[in-house]
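There are 2 protein chains.
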Amino acid sequence: ALVEGVQTFFTPKLLAGKKIMITAGSTMEMLDPVRGITNLSSGKMGFALAQMAMRMGAETTLVYGHTHAPRPLVSHAHFAATADDMYHTVMQHIAAQDVFFGVAAVADYKPNMRSSQKIKKSEDILTIDLIKNKDILADVASLPNPPYCVGFAAETEQVIEYAKQKRLAKRLPMIVANQVMTAMGNDNNQVTIIDSKGEHTLDTDLKTNIAFKLLTHLKTQLDLD
Amino acid sequence: ALVEGVQTFFTPKLLAGKKIMITAGSTMEMLDPVRGITNLSSGKMGFALAQMAMRMGAETTLVYGHTHAPRPLVSHAHFAATADDMYHTVMQHIAAQDVFFGVAAVADYKPNMRSSQKIKKSEDILTIDLIKNKDILADVASLPNPPYCVGFAAETEQVIEYAKQKRLAKRLPMIVANQVMTAMGNDNNQVTIIDSKGEHTLDTDLKTNIAFKLLTHLKTQLDLD
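Listed in order, the protein sequences are those of chains W and R. The first sequence begins at 1 in the working numbering and counts up by one. The second sequence begins at 226 in the working numbering and counts up by one.
These are calculated hints, taken from the structure and not from any lab test. Among the hints, erroneous ones may be present.
[Said to hold, decoys possible] From the derived model, a few chain W residues whose C-beta atoms are all more than 10 Å from chain R:
hint, residue
1, Q7
2, K13
3, A16
4, K19
5, H78
6, E155
7, N186
8, Q190
9, T201
10, N209
11, Q221
[What the hints assert, rightly or not] Quick look at which bits of chain R chain W covers, simulated, 3 or more residues with Cβ under 8 Å:
hint, segment
12, 263-277
13, 308-321
14, 353-359
15, 378-384
[Unchecked claim] Ranges of calculated distance between the beta carbons of each label pair, as one might list FRET restraints:
hint, chain 1, residue 1, chain 2, residue 2, range
16, W, T216, R, F235, 51 to 61 Å
17, W, M181, R, N434, 40 to 50 Å
18, R, P295, W, N188, 15 to 25 Å
Ideal placement from N, C-alpha and C gives every residue a C-beta, glycine not left out.
In isolation and in its complexed conformation, chain W is listed as follows (with noise of 0.2 Å):
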């Protein structure tokens, strides 16, 4: 708390009087009680943003599913357990945001039946249908009066090209693109923003330098809006 309480001390406040949510961690989509589906997701990337913008001098909301990391002290925290928890949570209190980040890896598809009872292995081989759950990036991004929205995407291949796709079919001003080998359980990250500018791509540094570095570049962004 001491060492905290110097970082923030020393680090300029840049985001004074912004109001910051980010969403951090995977969510779990539950076949029944005990088993789900998920993403491996550390959390570590969406903390080191959240501990960054509350050092910068922002009000910042967490919205977080499930992680192993240590969760940062930030205004206002939330757990959301699965994409729906997730979403109701987003929207609960996306009205008073400057800046959203969605940093979670939630769940795309999620049972189209949960059992409340422990599923007993009878089968030799069983079938599950998914269906798609709600996008919550892309849905803040379409609210008739949206925060400043930077999507992060973790790709396993054509990481630019898929970042760039993805940020025009969500309407992003900003979206933040990674190798999902590089970044995943990593302190280290290499990233590329992308925004109506173009590419910038950044150093490979540890995440809470990175995270400092988007949040540099998201202020030079926010005072030409």
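Fit chain R to the supplied structure of chain W, relying on the hints for placement.
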């Protein structure tokens, strides 16, 4: 470390000279590089057992999957990401063991296909076929000269009944039954031991204390063999 040293000093060395293997945590069965099917399991019960087995003087081998809990110091520790990994790691080291505790929430099923690239969410409905994983505990118990096998049954309904069936079906000398909702993620647990002599219900207690009672009960069973 000091506290652990003191605790170890004052714990009776009932299991000195014994080799105990414990599985803990949950496996994750990948659909693609980022998505998978897993179980909610904190890993706390398995880790408590491993820590207590160490304190009681056993040479302890931990085979652990995904977990949020701090891992205790043991004689040998192996990470196993999937049910197949866990199966192979257990089988590689099982011959030397006197006792096997199957505490891990091993996924019963895995996707019959795993995509090497991240699946794009183009479809509204996705159907996945799951095939059964090998049953680690049943296969260990069926070895020609098996260790003393202890299973764990986490059930949402008919807890004792299902646990008894599981004990007989897998030919286990001992099984520990618990209610999913009581056990999951908590530091406390309430369990019933089922062995050839019947049922022994333990009081609700810290998982560390439950671990001590289970291992003490186990010792009496080993002495009878």
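Okay, the hints, checked on the actual structure:
At roughly 25 Å from the closest C-beta of chain R, the C-beta of Q7/W stays outside 10 Å, upholding its exclusion from the interface. Listed as a non-interface residue, K13/W keeps its Cβ farther than 10 Å from every Cβ of chain R; the least gap is roughly 34 Å. Every C-beta of chain R lies more than 10 Å from that of A16/W, the closest at about 34 Å, which supports listing it as non-interface. Against the 10 Å criterion, K19/W stays outside the reach of chain R, whose nearest CB is about 30 Å from its own CB.
Even its closest Cβ contact with chain R, about 18 Å, leaves H78/W beyond 10 Å, as expected for a residue assigned away from the interface. A beta-carbon of chain R is positioned within 10 Å of the beta-carbon of E155/W; the least distance is around 6 Å. With a minimum CB-CB distance of about 14 Å to chain R, N186/W clears the 10 Å threshold, and the non-interface call stands. Against chain R, the non-interface label of Q190/W holds: every CB pair exceeds 10 Å, the least being about 17 Å.
Interface exclusion of T201/W from chain R stands, the closest Cβ pair being 21 Å apart, more than 10 Å. With 10 Å as the threshold on Cβ separation, the claim that N209/W sits away from chain R holds: the shortest Cβ distance comes to roughly 24 Å. No beta-carbon of chain R is positioned within 10 Å of the beta-carbon of Q221/W; the least distance is around 28 Å. Residues of the segment 263-277 of chain R with a Cβ under 8 Å from some Cβ of chain W number 4, which satisfies the need for three, so the listed coverage holds.
Proximity of the segment 308-321 of chain R to chain W, defined as three or more residues with a beta carbon under 8 Å from a beta carbon of that chain, is not established by the 0 residues found. Interface restraint, the segment 353-359 of chain R with chain W: holds (5 residues with C-beta to C-beta distance below 8 Å; minimum three). With 4 residues carrying a beta carbon less than 8 Å from a beta carbon of chain W, the segment 378-384 of chain R meets the three-residue requirement, and the given coverage holds. Between T216/W and F235/R the beta carbon distance is about 54 Å. The supplied range of 51 to 61 Å therefore holds.
Checked against the hint of 40 to 50 Å, the pair M181/W and N434/R passes, with Cβ atoms roughly 42 Å apart. For the pair P295/R and N188/W, the beta carbons lie near 23 Å from each other, so the given range of 15 to 25 Å is met.
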